[in-house]
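In order, the protein sequence lines correspond to chains H and U.
Here the first sequence is numbered in our numbering, starting from 1 and rising by one per residue.
Here the second sequence is numbered in our numbering, starting from 1 and rising by one per residue.
Some hints here could point you the wrong way.
Dumping the calculated DSS-like pairs for lysine-lysine here, alpha-carbon to alpha-carbon at most 27 Å [said to hold, decoys possible]:
1) Lys3(H) <-> Lys421(U)
2) Lys326(U) <-> Lys3(H)
3) Lys61(U) <-> Lys321(U)
4) Lys298(U) <-> Lys203(U)
5) Lys154(H) <-> Lys415(U)
6) Lys459(U) <-> Lys438(U)
7) Lys470(U) <-> Lys28(H)
8) Lys3(H) <-> Lys415(U)
9) Lys470(U) <-> Lys459(U)
10) Lys28(H) <-> Lys154(H)
11) Lys326(U) <-> Lys89(U)
12) Lys438(U) <-> Lys372(U)
13) Lys406(U) <-> Lys395(U)
14) Lys438(U) <-> Lys458(U)
15) Lys258(U) <-> Lys89(U)
16) Lys372(U) <-> Lys326(U)
17) Lys89(U) <-> Lys26(H)
18) Lys459(U) <-> Lys403(U)
Hint data in this document are derived by calculation from the structure and do not stem from the laboratory.
In this text, all values refer to a predicted model and were calculated from it rather than measured experimentally.
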Amino acid sequence: MMKILSTGLATLMHPIVSFESILEDKGKWQSYMETAVLLLLVILSRIGSIYWTHAPLASIRPDRANLIVEIAKILVPFFTWGMAYYGVTSIMDGETTLCEVLVSSAYSLTPYLIFTIPMSLLSNVMSTSEAGVYSFVFTFMWVWIVFLYFLSLKEMNDYTFGKAIGVFLLVLCTMILIWAIAVLFYVLTNNLWSFLKDLQLELRLLWLGRK
Amino acid sequence: MKQFYRIVTITIGFLILCLPIVETAEAAGYDYVIDPDTGRRVSIPLTYSVADVLTYEVDGKPLNQGCSLYIDHQGLLYISDTGNNRIIKSEKDGHVLDVYTGTPEKPFHQPMGLFVDADGDLYVADKGNHRIVHLSPEGRVVEEFGNLESSLLGKEFVFEPANVCVSSTGYLYTTKGHSIMTIDANNDFRGYVGSIEIGFDLKRAFVRMFATEKQRGRISRDMPPSYSNLTIANDGTIFATSVNTPSNQIIALNSVGKDTFRQGAYGETTDETGNRIVPYFVDIAVDHNGMVNALEQKTGKVYQFDREGNMTTVFGGAGNKLGQFKVASSIAVDGDGAIYILDYDRNNIQVFQPTQFIRTVQDAIHHHNEGKYDQAKVLWSDVLKIDANYSLAHKGIGKALMKEKKWAEAMEEYKEAGEMKGYSAAFDEYRMDFVRTKFGLILLGITVIVTACWFAIKKSRQVTRTLVDKYTKWQGGVG
Chain H
1 MMKILSTGLA
11 TLMHPIVSFE
21 SILEDKGKWQ
31 SYMETAVLLL
41 LVILSRIGSI
51 YWTHAPLASI
61 RPDRANLIVE
71 IAKILVPFFT
81 WGMAYYGVTS
91 IMDGETTLCE
101 VLVSSAYSLT
111 PYLIFTIPMS
121 LLSNVMSTSE
131 AGVYSFVFTF
141 MWVWIVFLYF
151 LSLKEMNDYT
161 FGKAIGVFLL
171 VLCTMILIWA
181 IAVLFYVLTN
191 NLWSFLKDLQ
201 LELRLLWLGR
211 K
Chain U
1 MKQFYRIVTI
11 TIGFLILCLP
21 IVETAEAAGY
31 DYVIDPDTGR
41 RVSIPLTYSV
51 ADVLTYEVDG
61 KPLNQGCSLY
71 IDHQGLLYIS
81 DTGNNRIIKS
91 EKDGHVLDVY
101 TGTPEKPFHQ
111 PMGLFVDADG
121 DLYVADKGNH
131 RIVHLSPEGR
141 VVEEFGNLES
151 SLLGKEFVFE
161 PANVCVSSTG
171 YLYTTKGHSI
181 MTIDANNDFR
191 GYVGSIEIGF
201 DLKRAFVRMF
211 ATEKQRGRIS
221 RDMPPSYSNL
231 TIANDGTIFA
241 TSVNTPSNQI
251 IALNSVGKDT
261 FRQGAYGETT
271 DETGNRIVPY
281 FVDIAVDHNG
291 MVNALEQKTG
301 KVYQFDREGN
311 MTTVFGGAGN
321 KLGQFKVASS
331 IAVDGDGAIY
341 ILDYDRNNIQ
351 VFQPTQFIRT
361 VQDAIHHHNE
371 GKYDQAKVLW
381 SDVLKIDANY
391 SLAHKGIGKA
401 LMKEKKWAEA
411 MEEYKEAGEM
421 KGYSAAFDEY
431 RMDFVRTKFG
441 LILLGITVIV
451 TACWFAIKKS
461 RQVTRTLVDK
471 YTKWQGGVG
């Protein structure tokens with residue numbers, strides 16, 4: 001825990017140092033644990049923010065939120081990023097392992113951890129007239145996170161600035177591609193599944209309906 | 001291998017029996033409102049029930065393909081019996097008073113829309129004869145409108161009025177395509193009002209850009225937006241319904257021709273069984289309190305709104321049961337708030353009496369509009385006693401509490417109603433009061449938080465120090 005705290009805080013204040021330390025870490029099992037703990041914290045802060053954000057500023061009402069959807073909203077982009085990052089860097093002479101990719105990506109989410117809960121508590125003294133300030137803070141947070149993602153890509157693979165930008169865009173394109181393929185897969189197999197479901201229903205009615 | 005097949009067969013058979021049968025939801029007949037945030041139905045207590053069914057048989061001929069229904073100020077019913085080319089005038093209980101067929105030289109041909117002014121003069125949109133006929137209260141033909149001559153109308157103009165209403169200034173209004181045309185008492189065309197704006201549509205733009213002439217002919221079969229009906233309220237506002245348009249299907253034109261009704265989509269995009277539909281509003285009726293009732297033909301639903309466009313109830317439906325319609329063609333409201341709906345196919349009129357619940361809702365809205373917020377609040381509480389989830393009631397009480405400057409309670413009610421704009425306004429006031437009374441405490445709180453943040457940053461610097469030192473040294477002590 002102490003290690004997560006120090007590395008996390010280092011990511012905020014000295015991101016380069018933090019990413020160097022991740023590269024140095026050889027304990028694979030521990031790194032995965034760190035990733036899991038950080039993701040859990042992110043999910044918990046998302047849930048907390050859903051419950052505690054002031055109603056006029058909230059993006060979603062607690063009674064309409066779906067736990068699984070909320071978790072998926074965090075995990076799906078995270079792991080697609082991880083996959084795309086690993087895939088692209090391994091052909092673009094990168095130096096990172098999948099483990100390092102995941103753990104650095106998880107640490108890059110620390111701004112989310114320090115902003116979300118305090119902001120949702122602070123929102124309770126704000127109304128829609130301050131919505132601009134509120135959304136600005138979150139825009140700032142996301143810019144910071146994207147910057148950290150970019151920096152982790154650049155530092156951990158020893159890329160030059162120009163190449164890092166190119167790879168970063170390539171990773172984003174790959175993410176979109178992965179989702180497109182997933183959607184395509186769903187579209188193509190959807191009919192098959194519904195066919196099997198109908199067949200199941202037909203047969204069942206046939207067997208059970210006649211006594 | 002044989003055994004393998006057997007195992008597979010057994011497994012599949014077992015799975016088939018285990019999986020659940022998904023049941024489709026029964027189409028339920030209940031009254032509801034639509035939550036503006038989610039678009040979902042929220043069921044509410046019964047609002048209207050059928051008290052009477054009127055059928056007509058005059059001169060041996062029953063009502064046939066009735067297109068329009070009008071109730072005048074005295075509570076008399078006028079029905080355009082389009083299939084028999086006549087107008088039936090009757091009392092509320094269905095007792096026939098008179099039948100109009102036009103003059104012997106020029107009888108009505110497909111009479112459709114009807115309007116009766118305050119003096120009892122009847123106006124008939126005689127579609128097949130390309131005219132609007134004005135009849136005196138005794139049924140004598142006074143004058144006719146049509147044969148309009150104006151350079152503005154163009155050569156191909158065909159006057160086929162399907163509806164009519166007359167303002168207190170004597171102007172006639174009838175719908176023509178995507179506009180409403182006005183005709184003055186001298187049978188002169190006085191221009192169009194309220195033309196439906198056809199906004200930018202990506203699909204249409206693509207079709208225009210890429211499709212060939214032949215493809216275009218096949219694709220753009222969808223009908224252009226057009227008005228379907230109109231009526232005039234007591235205050236002179238013209239309410240109209242339009243079809244083949246995704247939004248603003250109901251409009252309220254004020255005296256300068258501006259739409260003052262809530263902007264947005266009306267009706268629902270799925271029917272009872274979940275199929276996608278485009279709402280088809282055919283008629284609209286406004287009662288003396290300003291409640292707007294719009295009739296949607298495909299689902300046979302009546303959507304009722306207050307003057308601000310808040311939905312108060314949806315009732316009716318398509319079907320064969322009492323209180324449902326085959327092809328609902330016209331709607332009218334009498335002075336007591338009963339709703340009459342004409343069925344084109346079943347050739348009858350169903351009379352819907354409001355229940356105590358919807359009466360209380362309407363009273364509350366009426367009192368609120370008159371500025372009697374206290375009384376409105378009492379009525380809204382009565383509504384909540386019947387249905388604690390009726391969100392319009394919470395909103396109404398919230399408004400009343402705002403007038404009483406009870407911010408905290410108003411916030412509570414607005415939150416209950418899911419009305420975030422109102423909530424925020426109440427909260428602003430509440431916060432202002434709070435800051436005024438407890439300024440010292442707030443100052444103290446801010447100091448504490450700032451100090452805490454400062455300490456947190458200091459402490460986190462210490463925590464990262466070791467890590468930073470280690471790696472900067474490792475890199476050769478730079479930094």
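Now the hints, each set against the structure:
1. Our distance criterion of 27 Å between C-alpha atoms is broken by Lys3(H) and Lys421(U), whose separation comes to about 45 Å.
2. The suggested pairing of Lys326(U) with Lys3(H) is violated, with an alpha-carbon distance near 72 Å, which exceeds 27 Å.
3. At most 27 Å may separate the alpha-carbon atoms for a hinted pair to count; Lys61(U) and Lys321(U) meet this at roughly 25 Å.
4. With a C-alpha separation of about 25 Å, the suggested pairing of Lys298(U) with Lys203(U) holds against the 27 Å cut-off.
5. Taking the CA atoms of Lys154(H) and Lys415(U), the gap is near 47 Å; set against the 27 Å cutoff, the hint is violated.
6. Between Lys459(U) and Lys438(U) the CA atoms are separated by roughly 32 Å; this puts the pair beyond 27 Å, and the hint is violated.
7. The straight-line distance between the Cα atoms of Lys470(U) and Lys28(H) is roughly 21 Å, inside the 27 Å bound, and the hint therefore holds.
8. Between Lys3(H) and Lys415(U) the CA atoms are separated by roughly 43 Å; this puts the pair beyond 27 Å, and the hint is violated.
9. For the hint linking Lys470(U) to Lys459(U), the alpha-carbon distance of about 18 Å falls within 27 Å, and the restraint holds.
10. Simply put, Lys28(H) and Lys154(H) have alpha-carbon atoms about 22 Å apart, close enough for the 27 Å limit, and the pair holds.
11. With a C-alpha separation of about 23 Å, the suggested pairing of Lys326(U) with Lys89(U) holds against the 27 Å cut-off.
12. For the hint pairing Lys438(U) with Lys372(U), the CA-to-CA distance comes to about 34 Å; that exceeds 27 Å, so the pair is violated.
13. Taking the CA atoms of Lys406(U) and Lys395(U), the gap is about 14 Å. The hint holds against a cut of 27 Å.
14. Distance check on the hinted pair: Lys438(U) and Lys458(U) sit about 31 Å apart at the alpha-carbon level, beyond 27 Å; violated.
15. As the CA atoms of Lys258(U) and Lys89(U) are separated by approximately 34 Å, the hinted pair breaks the 27 Å bound.
16. Restraint check: the Cα-Cα separation between Lys372(U) and Lys326(U) comes to about 41 Å, which exceeds 27 Å; the hinted pair is violated.
17. Among the hinted pairs, Lys89(U) with Lys26(H) is inconsistent with the structure: their alpha-carbon atoms are about 94 Å apart, more than 27 Å.
18. For the proposed pair Lys459(U) and Lys403(U), the alpha carbon gap of about 50 Å is over 27 Å, so the pair is violated.
Violated hints, listed in ascending order, are 1, 2, 5, 6, 8, 12, 14, 15, 16, 17, 18; each of the other numbered hints is respected by the structure.
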